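Quick one: dock chain against chain with the hints and give me the complex.
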Amino acid sequence: MSDGSGRVPLLEVERLTMRFGGLVAVDDVSFTAYRDEITAIIGPNGAGKTTVFNCLTGFYRPSAGRLAMRKASGQLLRLERVEGFRIARAGIARTFQNIRLFAGMTVLENLVVAQHNPLMKASVFSLAGLLGLARYRKAELAAIERARHWLERIGLAERADWLASALPYGAQRRLEIARALCTAPALLCLDEPAAGLNPRESGELNDLLLRVRDEERIGILLIEHDMTVVMGISDHVIVLDYGRKIADGTPAEIRADPEVIKAYLGEEEVDGTTEPIIVAPAQAGAQSQRQDLTALGSRFRGNDV
Amino acid sequence: MAAASGLAVDKLPKPPVFWAPLVKDAALAALVAVLLSLPLVGLQTYDIGGGALGIRTHFDWVGVAGAVVFAGRLGLRLLHHLWGGRDRRAGPSLARLAAWGNRQTLPIALVGIGFAVALPLLPFSSRYLIDLGTTVLIYVMLGWGLNIVVGLAGLLDLGYVAFYAVGAYTSALLARDLGFTFWEALPFSGAVAASFGIALGFPVLRLRGDYLAIVTLGFGEIIRIVLLNWASVTGGPNGISEIPRPSFFGLPFARSAPEGVATFHQFLGIEFSPEHRVVFLYFVILAMALVTNAFTLRIRRLPVGRAWEALREDEVACRALGINPTTVKLSAFAIGAMFGGLAGCFFAARQGFISPESFTFIESATILAIVVLGGMGSQLGVVLAAILLVSLPEFGRAFAEFRMLIFGAAMVGVMVWRPRGLIAHREPTIRLDPYLAAR
Chain S
460 MSDGSGRVPL LEVERLTMRF GGLVAVDDVS FTAYRDEITA IIGPNGAGKT
510 TVFNCLTGFY RPSAGRLAMR KASGQLLRLE RVEGFRIARA GIARTFQNIR
560 LFAGMTVLEN LVVAQHNPLM KASVFSLAGL LGLARYRKAE LAAIERARHW
610 LERIGLAERA DWLASALPYG AQRRLEIARA LCTAPALLCL DEPAAGLNPR
660 ESGELNDLLL RVRDEERIGI LLIEHDMTVV MGISDHVIVL DYGRKIADGT
710 PAEIRADPEV IKAYLGEEEV DGTTEPIIVA PAQAGAQSQR QDLTALGSRF
760 RGNDV
Chain P
129 MAAASGLAVD KLPKPPVFWA PLVKDAALAA LVAVLLSLPL VGLQTYDIGG
179 GALGIRTHFD WVGVAGAVVF AGRLGLRLLH HLWGGRDRRA GPSLARLAAW
229 GNRQTLPIAL VGIGFAVALP LLPFSSRYLI DLGTTVLIYV MLGWGLNIVV
279 GLAGLLDLGY VAFYAVGAYT SALLARDLGF TFWEALPFSG AVAASFGIAL
329 GFPVLRLRGD YLAIVTLGFG EIIRIVLLNW ASVTGGPNGI SEIPRPSFFG
379 LPFARSAPEG VATFHQFLGI EFSPEHRVVF LYFVILAMAL VTNAFTLRIR
429 RLPVGRAWEA LREDEVACRA LGINPTTVKL SAFAIGAMFG GLAGCFFAAR
479 QGFISPESFT FIESATILAI VVLGGMGSQL GVVLAAILLV SLPEFGRAFA
529 EFRMLIFGAA MVGVMVWRPR GLIAHREPTI RLDPYLAAR
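As they're listed, the protein sequences go chains S and P.
Residues in the first sequence are numbered consecutively from 460, following the numbering used here.
Residues in the second sequence are numbered consecutively from 129, following the numbering used here.
Bound conformation, chain P alone (with noise of 0.2 Å):
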């Protein structure tokens, strides 16, 4: 049929083009483009000396700006026109990878995790290479927890930081009060992080779409506004500082230990190098975000799982089946939460210094993008746009000014191309095939 299709359109001669309707769609554009930058460029303001200002005028710059959107416009309709018949939405290779990614979803995962693994061992790796590899699996593991609450659950979550802080800071007080390490305060963090994901899902069961994330968004600046408030406590805008690194196995990362304990690089009988945890915590990170990762796989094909899909899919439908959407929900939020507050605990431990600034809501917003942009439910797409959202501003710095431009360019070629997010393919949770074939 598809090859059918291609063959008729080979034969067909080439349509004629009309110029009218592409002039005054270019002439449109360039009005649009004469609209916008005549304020923006067309008037300067400088000092004229006592503290006023003057206007300079540069309506030349004006005119080529509307100029270059003319011709820009014609040529690329043009271009659009000639190459007519084929796929427009997707550039046809970027369709063909995709589609290839979405069957070889897992060697490209493999090829991921013995790359991540190998990334410190590599010529080229340098601390700030692997540093930036941390930030990037922060970013993973806290994607790959918000897909839980919004990918595969459906629930539109804005304040998913909220935990994330609540993490950070549990770990923070725990070891600044009651002298807790990283690896103790751990699983509490997670824990509390878990029921504030339930304290938050009560009050919104009811709700959902706009209004649920509203609500969650209210959720996170509360939190936030709290810890900055609750001064006695979280030490307000100060926040905690010398916060206890992770060691390994009691085994502290340090120049020199106290007497009576062995350091790391003395253990081993290596020379020191402030590297050692620098690495050491990258793989700490990639451990955690692999078992959520190992986690959210193995739980999506549990009856919970799919009971999160098919919430995700009808309510409605979900409770005339005998599924009893409270729980569900409330499952969704806790485990969602708990990795939000694992990755917070880890950071805290990272940092070793915490305070509010660190969880605005723009944390939330690049989360939430990471699972938007990587594709709702798709635990590959949120590495691939973790990857992409973080690492895209680090290597941007080279522009300067124009990173966040090159940055918000990115995010619109993606959803423009991959409006469904880079992969968007769900793999069934159980097939009939198998089963039949062992019978």
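Next comes chain S alone, as it looks inside the complex (with noise of 0.2 Å):
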């Protein structure tokens, strides 16, 4: 895939560096992500795939760089200007590594929540909801319907009034996508979706990633550690090591990539198709090190996210 091929630019990161103290978890690091493709994030553990995330989604301030978002009207918002919640209405939808749900919350409230500020808009500082009026019964009942557009994709809708707590693993999963989608976003932020996920049900995150791309026209941005979701999905991936980025091409040309078998697997030449479990000796130490970073990042991201 070429650029100049009507290809829509939705984010642009260009040399984004994020230091904590004296640890850069991000170090000039640049990319963009397209409308109808799916990107994905890719890396070894704290490679800082999580902390671009952060920067893009505003819970943390970027050292250095630029972020523009492309709104639909050709606007640029520079999202490192912006607090968080402004940049969930301008069109970024996330969701989270450790699932957060609102688990007190009914499925239902969980996707009502999300279309909170259209909502809001049509309840005139809550006055018309008050007072019950016809504009904003019809703004509900809209905020309805598309909550259960998705529940039925993603197959929750029989158990619309269940404690989003109560749900099983995987459809807690899907039900925080179909509230990142909610908010009608532009572009979609998936922080290891597959994560904890069977084959089965990865199988099933595939169609349903693939459909929302074809059919929502927006673009999706993945972490993944899951290999088949990565190279069975995406248009393009982005390769993470130690804050930097190594590569960025299609799939098959980043498993060709010798500096990515490389970062994975150590400096041995392995069979590169192999998937990337196994640590070669070699590598212990480097490997070793590499947890101490990742204590070290998930100690910064403790408070925040």
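It should be emphasised that the hints constitute simulated quantities derived from the structure, not laboratory data.
Note that this is a predicted model, so its numbers are computed, not measured.
Idealized CB from N, CA, C, for every residue including glycine.
Careful, some of the hints might be misleading.
Stated by the list, open to error - Across the chosen pairs, the derived CB separations fall in these ranges:
| hint | chain 1 | residue 1 | chain 2 | residue 2 | range |
| --- | --- | --- | --- | --- | --- |
| 1 | P | Arg559 | S | Tyr628 | 47 to 55 Å |
| 2 | P | Ala422 | S | Tyr628 | 35 to 43 Å |
| 3 | S | Leu535 | P | Ser323 | 37 to 45 Å |
What follows is the structure in structure tokens.
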């Protein structure tokens, strides 16, 4: 796939750097996410993937760099300059590595809360809502209709009135994605959506994401460790290692990239198609160092996300 | 499934009694009892003349205490053992009662409202009972107001009494200095208290849980101390007196009125009775509380109410969905404070006199206890808990010094049997079924 073939850039990340004290979690990373495409960010643990997400969605303020979101109107929104909730309003929705549903509320309520902003507008500071005006009732029905649409899509319509916390793990993952989609985003950011899913469930997830991409005409940015998901559905893969971008290309290109193989499997040449599960013994030292980095990163993360 | 396991339990032979752990457990409890009662019961000081104190010992009583605890604990464990297999957390009947209550919210609420409306007309009602009912209703209203902040938005507020005080003093000052009547002062009390709610909300936006609780506790104390020390305006510890009583659409409740003004009893052509005012006050607070409840039930189903609950569940997720946590929190603080202020205005008019002593921390603690005991977020629970917490000490008067002991034991009991509050049931704000059916 080449540029200039009608790809619509949605998000442009330029020279993004994020430092936590002396630790450089993300170092000079640039990439672009396009509409109608699934862009995957992969990399070993502690490579800085979630930090990139947190910068994009306003949970961290980047130390340096430029994050520009192209809105439907053609305007550019500089994400590093606005508050997190405004980023979501501008059309970037996200899910979390550790699922963050509103556990004490029902499945349907989770999806209706996601439509807070249009509903709030319709309720005119709650006045129209308090008085029960038709204008608000119509907006609420539309919100329920949208929620029902996504519930049917993720196969949870039967359990709409269950507490979100009562759902099995895989359904909670799907619900979180549906909740993000209910905000009508232009770019959907998924942080390890296949984590903890069994092969059948991650297959269903692949289908869901492909359908969303094609039917909603939105861009999807995804962090994932599950290579069957990444290689199966991504149009475009970005590889991070120690906070640096080491590769950027189609899944086929990434699979053949010697840098990527080195990052995942160590210095020795190993068959490139092997799934990156085995750690070469020579790499043991580097691996433990990497875990230190992960621990450090999660300590910083602990506060916010 | 449940039935099957029940059958299995019935068919199993009774497990043998293992005496050793039972006796050990009872001995441990007795030891704790002896250690505790040694200084409390075992030693008694008395006057030996000349201002000096001597010590008497009652080690026999300590022994009795230990023996009673040993026997009691052993008996309790034995009973438990024999009745094994049943629900241990709640007495089964209590759990069933609570489950029934959760299903029948609407009928219970209607019966409750009917009873509250009819109370002054019932044959056994008395001035004392109506006064008590008025006090209960003030706490119900305060509990419903705080429920918005604590139960729905999940913001632990230990200084809620500050808004109650602000409302009371606003109406008292307006009445004293500008001659406002109760009805004229009422909206101002609510508005001023709401602005204080926002004023408190701003500095605590980033705080949660324990930290928030401490700041709000401090805020409550600041308000009380300002009221105490700003004597030129608030009258300091002397408070403000002669606050006008509410009138019935301009008709005062008095034996005689100044020239040209008809009193309530003259207007209706009935005999004057001081009870008229008491009953009227009761109905005023009943109406105010019901309005609070209706408002809360309604706003819970609006986007802002759902955002409150979402914020309680997960603030990070709220931000990721484009919900502005600042406005959501501030609206919860403001609306909760507004109801506190309205209740304060009523309190000032009912008492006719207010002083900072009415707005101590123990009031905040009582209101919070009502919300927590009732079951966070449950409107009906607040009513039950308010009745329990306000009237139990009243009925306990017969037991004189054991009053607070009974009160404490009742609270411990509730927390043991119903750890999530009397009514721990949350009704969804929206359901898919009726909408699907309508399609």
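Hints versus structure:
Against the hinted window of 47 to 55 Å, the Cβ-Cβ separation of P:Arg559 and S:Tyr628 comes to about 24 Å, which falls outside the hint. Taking 35 to 43 Å as the suggested C-beta distance range, the pair P:Ala422 and S:Tyr628 conforms, at roughly 40 Å. Take S:Leu535 and P:Ser323: their Cβ atoms lie about 39 Å apart, and the range 37 to 45 Å holds.
The structure is inconsistent with hint 1 alone, although it conforms to all the rest.
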